[in-house]
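Undergrad: Those protein sequences? They're chains X, G, P and F, same order as listed.
Following the numbering used here, the numbering of the first sequence begins with 1 at its first residue and continues without gaps.
Following the numbering used here, the numbering of the second sequence begins with 418 at its first residue and continues without gaps.
Following the numbering used here, the numbering of the third sequence begins with 835 at its first residue and continues without gaps.
Following the numbering used here, the numbering of the fourth sequence begins with 986 at its first residue and continues without gaps.
Be aware that a few hints might be false.
[To be verified] Here are the computed lysine to aspartate or glutamate pairs in the EDC-like style, where the Cα-Cα straight-line distance is at most 16 Å: (1) X:Lys121 / X:Asp145; (2) F:Lys1114 / X:Glu81; (3) X:Lys306 / X:Glu81; (4) G:Lys723 / G:Asp432; (5) P:Lys879 / P:Asp928; (6) X:Lys195 / X:Asp163; (7) P:Lys879 / P:Glu978; (8) P:Lys963 / G:Glu498; (9) X:Lys29 / G:Glu491; (10) G:Lys538 / G:Asp506; (11) G:Lys446 / X:Glu81; (12) F:Lys1128 / F:Asp1021; (13) F:Lys1030 / F:Asp1079; (14) P:Lys963 / G:Glu491; (15) F:Lys1114 / X:Asp145; (16) X:Lys195 / X:Glu225; (17) F:Lys1114 / X:Glu74; (18) P:Lys977 / P:Asp870; (19) G:Lys637 / G:Asp506; (20) G:Lys816 / G:Asp432; (21) P:Lys963 / G:Asp567; (22) G:Lys538 / G:Asp567; (23) G:Lys637 / G:Asp719; (24) X:Lys306 / X:Glu97.
Honestly, the hints are just simulated from the structure, not real lab data.
Since the structure is predicted, the reported quantities are computational estimates derived from the model, not experimental observations.
This is what each chain is made of:
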Amino acid sequence: MSTHTSTTHAHAQLDVQAIRQQFPILGEKVHDRPLVFLDSAASAQKPNAVIDSMASTMRHQYANIHRGLHWMSERTTEAYEGVRDLVADFLNAPSREEIVFTRNSTEAINLVAHSFGALLKPGQAVLISQMEHHANLVPWQMLRDRAGIDLRVAPITDDGDLDMDAYTALLADGKVALVSMTHMSNVLGTITPAKQIADIAHAAGALVLFDGSQSVVHHKTDVQELGADFYTFTGHKLYGPTGIGVLWARRDLLEQMPPFLGGGDMISTVTFERSTWANIPHKFEAGTPAIVETIGLGAAIDWVSKIGFDAIAAHEAELTAHALTRLATVPGLSIVGHPRVRGGVVSFTMADVHPHDIATLLDRNGIAIRAGHHCAEPLMRRLGLSATARASFGIYTQKEEIDVLADTLVRIRDFFV
Amino acid sequence: MSTHTSTTHAHAQLDVQAIRQQFPILGEKVHDRPLVFLDSAASAQKPNAVIDSMASTMRHQYANIHRGLHWMSERTTEAYEGVRDLVADFLNAPSREEIVFTRNSTEAINLVAHSFGALLKPGQAVLISQMEHHANLVPWQMLRDRAGIDLRVAPITDDGDLDMDAYTALLADGKVALVSMTHMSNVLGTITPAKQIADIAHAAGALVLFDGSQSVVHHKTDVQELGADFYTFTGHKLYGPTGIGVLWARRDLLEQMPPFLGGGDMISTVTFERSTWANIPHKFEAGTPAIVETIGLGAAIDWVSKIGFDAIAAHEAELTAHALTRLATVPGLSIVGHPRVRGGVVSFTMADVHPHDIATLLDRNGIAIRAGHHCAEPLMRRLGLSATARASFGIYTQKEEIDVLADTLVRIRDFFV
Amino acid sequence: MNTTAERDALYDRLIVERARAPLYAGRLSAPDVQGDGRNPLCGDKTHLDIVLNGHHIQDIRHNTRGCAICAAAADLMAEHVRGNTVAQALAVSDRFRAMLVGSPSLPVVEAQPVPLGALEVFAPLQSHKARIRCAELPWIALKEAFSHVDG
Amino acid sequence: MNTTAERDALYDRLIVERARAPLYAGRLSAPDVQGDGRNPLCGDKTHLDIVLNGHHIQDIRHNTRGCAICAAAADLMAEHVRGNTVAQALAVSDRFRAMLVGSPSLPVVEAQPVPLGALEVFAPLQSHKARIRCAELPWIALKEAFSHVDG
Ligand SMILES: Cc1ncc(COP(=O)(O)O)c(C=O)c1O
Ligand SMILES: Cc1ncc(COP(=O)(O)O)c(C=O)c1O
């Protein structure tokens, strides 16, 4: 198992102390202990840059957008639409009109299941993998039950990698219209070989959607280089606000797809008899959007970009390698998943201690991790587990925090055995 | 035309100056003039209480909710779920489980069109009015085209009231399953006789949804007293954050309705073959919600409740009466809509000056109003207009601002004639 | 593990011991009633076999797979309700739940106070709301078992 | 209305006058090409009738319903392009648009600078982006009219 990341400049160094200063919450205490926050994969903490940009928007320059002719509205529209440019740049999307704002990744995938799904015919198939988050499974089940399409599941290997032969075989009959797959597993840490997945899908006549909820946080994303047709991510894991996510899709696809939600801002003209739709991306953004949150997402992207993914990836690779080494020394602990390429997420179990007890006891010591099925029940079943404990790392995570985790796990284990 | 509101304690007095102090943006200048913000019906400005509650959540107590076992997650879950209680109380809903969080009113109505709509059969009908916002029209058109239901439109009188006889007649054949109607028009200011509308609907075997986007801001809302079956509103017009809205629906309806979006948090169990749904309201909240925005909505509701709707309604009734009087003195100006009961929204046109020119020229003087079709194109057509100018008032609006508006309109008119 | 143990009244020695070496685990060959509890969120599962003698719980065994809180709750519940009438057991169940949620609606003076005894080790769950369902699961199974029995 | 007028370079006297009393409003009886522009957002509408003489715009009239910006833009456009070749008119259109959006991609030194003359009264729209489409509408109609004509 390697802890490879796509970084090329391993010398790009993060000043973790300086970064931590920008996250007020990291100075909080929990049960009288300094907070050790190892749950960023569930949702990341927010830097001052994001908090301040949202507060300052509401203090100094806010109004509803698009339909207003007055100064506050025009300036707020510019700020909102400016984030579309930023996101397009962030993903290296060919054009800003291909960026649709949603509430989160979940809504982005539902939008595709609904609007792209409306173009599918019974007998066509959608292909996912065994390691999907419920967000990339349930919408397709609902589409299957609604539209009579087939839902196929590509297996993973025992190490937690996509089984590429089985994947290729599932595409062989040419019935798969869309491959919808995670770009990084939130349980196993697996970074999937997206480019290869896309090439194989395209060769079989299928389009491909990547759920980038976990992966955009850890390395530079280039939807053109990946050969993606759809890409989704969620703001709150990228050090940004809640309530804002992104769907990127190729222009021709967005243009063909019927709208998802109806209402203000997504129309061109409306009569009681019929309505016509606005151009993309507005066709997919009904009603007053999450204006302040979009602006906050822009601040998060600016902030992350300034730090740079070379430095971030190098830092997280180091943390992950350190975690794997240190956790290996905890008696009774097993790492869940040994993928070829991984991001800063490590799941584990401990003999004789249930993950929920681990999480609660760590919490009593100020350490926040996650335990449960991580919204990936079918993956748990594949692994023969009912739950795992999961530590996940972010820009602000320090090696010393991983040491505290490992030491506390040893004491928890002693307590139970 | 009366400017009646439901207030009973007309002596409840607002200290408008003290309130304005709590809105930093009201101290801004636009084109070197003090901002006169008369566009609250599009989106209200935010008091410090809301801004600070959001910033402080992100600074001191934030993590993803529901699935976490650690302190930050449990406290954030409590804060988030606490707002459900607050909203239930705000609407006098029978139970907290009947409160579903959405992005905005638009999504709330789409949710009903999708999930309640899935229970309708071809030949059944949905009945709206001529004065609906596109948010309460387009989703039903989309349902009509998808599900073969009938969409009926109740006419309004020339004064801008619902034509009650015509409304009753449209229900006569018993085919209407749902009446979906605004509780207050965002163009005419009309407050619709909701209780009467609901009684007539129920007598004809129809359920009733009220779009409360405009009305919850101006007076106390009691869904039980109104006899509503569904009720929606949007946070950003209630001095709350963007990205958060509310659907209230009767428990038995929510329980019958299939889910809307699929993903994490809305499931009970998931296998690749099938999934089962969580209890209400979670069944309708897929993925990571707008956590911080929900908490901010709670702060807004707290803040508004502390001021009290008696005082708010009295203040806004006074402003509206003053506006109608003052605007009547502007040469060439016509008020659009003379409803029996109205909230703090006044639309108007001016002979020889296009509403867009009015809006831009007011803006050059620091005055923000809205001009256009206000996302109500079919209503514009009914009125024989292509656009109106609209001034709208909020808690922080001062009589003097209305005077500035009227005086500037006189000068604009002179300029053009 | 001194510091962790000291800091953690929640994981009382009794809980850890009963989770590791339960006294009432197993099955009964001829149960009069049975009950099941399952929490899909974490995979906790418990099965109860109960032998009744009139209104009395003559014997009870549980078969539990889950976290320490759930396993110990099942074992301590079995110990506590053995010999109770069904009605008494259900009263304990209510009292136990009220303790966990820190219910303010709990009557301050009860006509017949229901003692919880060893079950009070679970009181610290009040501040770990997400874990309350772990301790409640066996009691949900108990209610299910009694759902067709008159108290 | 001194203060408002002074504050408002945007509503130049020329714009207000042409909106009120246009010089090129009306219809032509035998137009060679016609064009329409419509902005559903605000109801602005314009119709163009054009008579060509070879490549030259011999005559042009507009029929506009809309705001002052749109109405004046139509009238000043008609005045400006009358006598131009189609190619010249389209070049003015590009230059006009570049002025409105404040395009940084505008070549600093143009081989053949295209003078805008009176059309420059619309320059302040740069800071009122939402109104730019009002001034552009007649030009969109012009492009439509020429879409089947070789420059
Ligand atoms: C009457 C009415 N309904 C619905 C809406 C839609 O609200 P939102 O855009 O927040 O979904 C609005 C506001 O724009 C409104 O005024
Ligand atoms: C891989 C993956 N996909 C999708 C999601 C859903 O993200 P959200 O809840 O923000 O929609 C998550 C996070 O929970 C995730 O880890």
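Undergrad: So which hints don't hold here, by number, going up?
TA: The structure breaks hints 3, 5, 10, 11, 13, 15, 21 and 24; every other hint is satisfied.
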